[in-house]
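Chemist: Construct all of the structure, not just a fragment, from the sequences and the given hints.
One-letter residues, chain by chain:
2 protein chains.
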Amino acid sequence: MHMTKKQLIMENALELFAEQGFEATSVQQITDRCGISKGAFYLAFKSKDELILALIDHFTTQFTSNIDYLVNTTKDDDELLYKFYYFVFDSFERHSDFAKILIKEQMQSFNEDFMLKMRSYDQMMEQTILLMVERLFGDAVDRTKHDLVYSIKGFMKMYSELFIFYNTPLDVDVLARSLVEKTEILAKHIITPFITNELVQQFQHGICKEVSVDQLLDVIERTLHDIDASIEKDSLELLKQELLEPTLSRPLVKGLLENIQLHPHCKWVAYLLRKHFGF
Amino acid sequence: MHMTKKQLIMENALELFAEQGFEATSVQQITDRCGISKGAFYLAFKSKDELILALIDHFTTQFTSNIDYLVNTTKDDDELLYKFYYFVFDSFERHSDFAKILIKEQMQSFNEDFMLKMRSYDQMMEQTILLMVERLFGDAVDRTKHDLVYSIKGFMKMYSELFIFYNTPLDVDVLARSLVEKTEILAKHIITPFITNELVQQFQHGICKEVSVDQLLDVIERTLHDIDASIEKDSLELLKQELLEPTLSRPLVKGLLENIQLHPHCKWVAYLLRKHFGF
DNA sequence: TATACTAATGACTACTCGGTCACTTGTCAA
DNA sequence: TTGACAAGTGACCGAGTAGTCATTAGTATA
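Protein chains in written order, with the working numbering: chain S, 1 to 279; chain P, 280 to 558.
Honestly, the hints are just simulated from the structure, not real lab data.
Note that the Cβ used here is the ideal one computed from N, Cα and C, for glycine as well.
Hints are not guaranteed to be accurate.
Unchecked claim - Derived CB-CB ranges, DEER-like:
no.	chain 1	residue 1	chain 2	residue 2	range
1	P	D421	S	D32	25 to 31 Å
2	P	P448	S	S120	21 to 27 Å
3	S	S96	P	Q483	19 to 25 Å
4	S	I191	P	V479	56 to 62 Å
To be verified - The calculated lysine to aspartate or glutamate pairs, modelled on DMTMM-like cross-linking and capped at a C-alpha distance of 25 Å, are:
no.	chain 1	residue 1	chain 2	residue 2
5	P	K467	P	E302
6	P	K325	S	E23
7	P	K436	S	D173
8	P	K396	S	E19
9	S	K48	P	E477
10	S	K153	P	D452
11	P	K432	S	D97
12	P	K554	P	D401
13	P	K432	P	E477
14	S	K157	P	D452
15	S	K157	P	D355
16	P	K436	S	E198
17	P	K354	P	E537
18	S	K157	P	D401
19	S	K240	S	E198
20	P	K467	S	E184
21	S	K157	P	E440
22	P	K396	S	E161
23	P	K396	S	D97
24	P	K467	P	E358
25	S	K157	P	E500
26	S	K153	P	E405
27	S	K117	P	D452
28	P	K436	S	D77
29	S	K153	P	D376
30	P	K327	S	E23
31	P	K436	S	E134
32	S	K157	P	D376
33	S	K153	P	D401
34	P	K432	S	E126
35	S	K6	S	D226
36	P	K436	S	E126
37	P	K284	P	E500
38	S	K153	P	D369
Modeler: Written as structure tokens, this is what we have:
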């Protein structure tokens, strides 16, 4: 899919951005490192902004949909929290370059819609964690669940710094187990909430949460363009039809989703379709 | 003390940096906002880098020494944790502009020794929290105290985002109480540590922790230059003598420290001297 | 008022940056 | 071999930057 040039640029830019930051890295530096000319860069990306947007999109969609898939497919409640933490920190370790960029550029640095995009990804992640918390601890944490979510995010934030700042290899297994313990302790004992339901609604005020059908069709179209002819491509075509006018039964739709959701390029579209069809 | 011009620049630059980021803000913008010329800027600061360094120095020294003072002067253990959290988030709320800059520019954006400075401030903060944890929970948390410290820092990180991203006024009192509860719950129940003593030593490897006498004298000298003749100035002079050749008894030294540590310009030097003389 | 000195100015320099485009190179089918 | 078209090049442009310095304004002293 002539992605090679784009990928080459993205991989090299990722490292440079992680080292120096986005604004401190020039297009010249990127092209030098890739061994290509400046013109070639602008054949692949319309602008420098489009490049970092593509980078952020690529990693966050991958990460978010993977987590959601994990939570959805892990049937054993006893394992879930461990698997969640393990996957999170394993990802941070493997993609520490990207984690650095996220931390560095997480604010309204340049573009306004870039910020909105970041925020909506964060919301999706929070939603997934909330679903997990509700499933694991149920009504027992009804009043304190949002504080639990925030505590979990706090653990993630703090301990992920270890992977970013220190290059020491860390035992993700032990880390995950110790955080499972902390989380369960908090879930069992918290009485005093800070983040109430009203507060959450105040936060979400003004942030679009639902993905429109048009947006979904757009994502599907782009995904279809990216993948070769295969069972996944056919399944996605059928899902597109289903989206335009529903004809298939739920089990059939679910089966089509199963077909595509392990394909590397389909993870994001599968995540969005899962949410849309209510699986 | 002809600090007025410097302060004018620092206050306006703080807001611009918080809005747009350091690199995206030009010196021209700063001087325009201050209503001064570019030349006047360079009379106050040698470079743009020196400006942000001064900003970071000012706030972090203030914050660190204030926290340390709080922990040292609060005699009632039952109040300590609450007072700690309350002060932390109250500071974040009052200086949210600076908090934004810290988050945005917290990485090795430009200077290498800037990074080292940041890291050493972070270490000092961690040290203070550790002392607090040890004092409050003692041997009971001996194996898990570093995880407790990291959890506390995680809470601080996560909940402080609320002050930065959302402009809603938040009830710091309720927040502090709910975090006190979480912290005490964790302290009581954590069994599985992740951050062991060896790991901590691995992290601290290569980071200078002790402030040399020469550096201390330098800070004293600059502080003396900043403050007017007063009882504080005289006390600091005496402490300087004591540093060069010890003659006074411990109670006398402690008294001198008491004299200076509430003066706005002396908080940092008082913090360093407290640590040096072992109070 | 004249003098001396500091504070302040803004036009200016030297430079870097993102982005463009006329041009060259490589690769096909005819 | 030719021609057509896509892929790739890098000199160049305009905009904007940090930092400088000859000049001026303001002020206190003699």
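Chemist: Check whether the Cα positions of K157/S and D355/P lie no farther apart than 25 Å.
Modeler: violated (31 Å)
Chemist: Hey, K157/S versus D401/P, does the alpha-carbon distance stay inside 25 Å?
Modeler: holds (15 Å)
Chemist: With a cut-off of 25 Å on the C-alpha distance, tell me whether K436/P and D173/S pass.
Modeler: holds (24 Å)
Chemist: Assess, step by step, whether the Cα of K396/P is no farther than 25 Å from the Cα of D97/S, and give holds or violated.
Modeler: Holds, because 22 Å separates the two Cα atoms, which is no more than 25 Å.
Chemist: When you check the alpha-carbon spacing of K432/P and E477/P, does it fall within 25 Å?
Modeler: With Cα atoms ~20 Å apart, K432/P and E477/P stay inside 25 Å; holds.
Chemist: Run the distance test for K354/P versus E537/P: straight-line Cα separation, threshold 25 Å.
Modeler: holds (16 Å)
Chemist: Is it true that the CA of K436/P sits at most 25 Å from the CA of E134/S?
Modeler: holds (24 Å)
Chemist: Between K432/P and E126/S, does the CA-CA distance stay at or below 25 Å?
Modeler: Roughly 20 Å between the alpha carbons, so the hint for K432/P and E126/S holds.
Chemist: Taking 25 Å as the top limit, are the C-alpha atoms of K327/P and E23/S close enough?
Modeler: holds (16 Å)
Chemist: Are the Cα positions of K467/P and E184/S separated by 25 Å at most?
Modeler: Holds, because 13 Å separates the two Cα atoms, which is no more than 25 Å.
Chemist: Given the hinted pair K117/S and D452/P, is their Cα-Cα distance within 25 Å?
Modeler: Given pair K117/S, D452/P is violated - Cα atoms ~33 Å apart, limit 25 Å.
Chemist: Is the Cα-Cα distance between K153/S and D452/P 25 Å or less?
Modeler: holds (22 Å)
Hint compliance for this structure: hints 1, 4, 5, 9, 15, 19, 25, 27, 28 are not met, and every other hint is.
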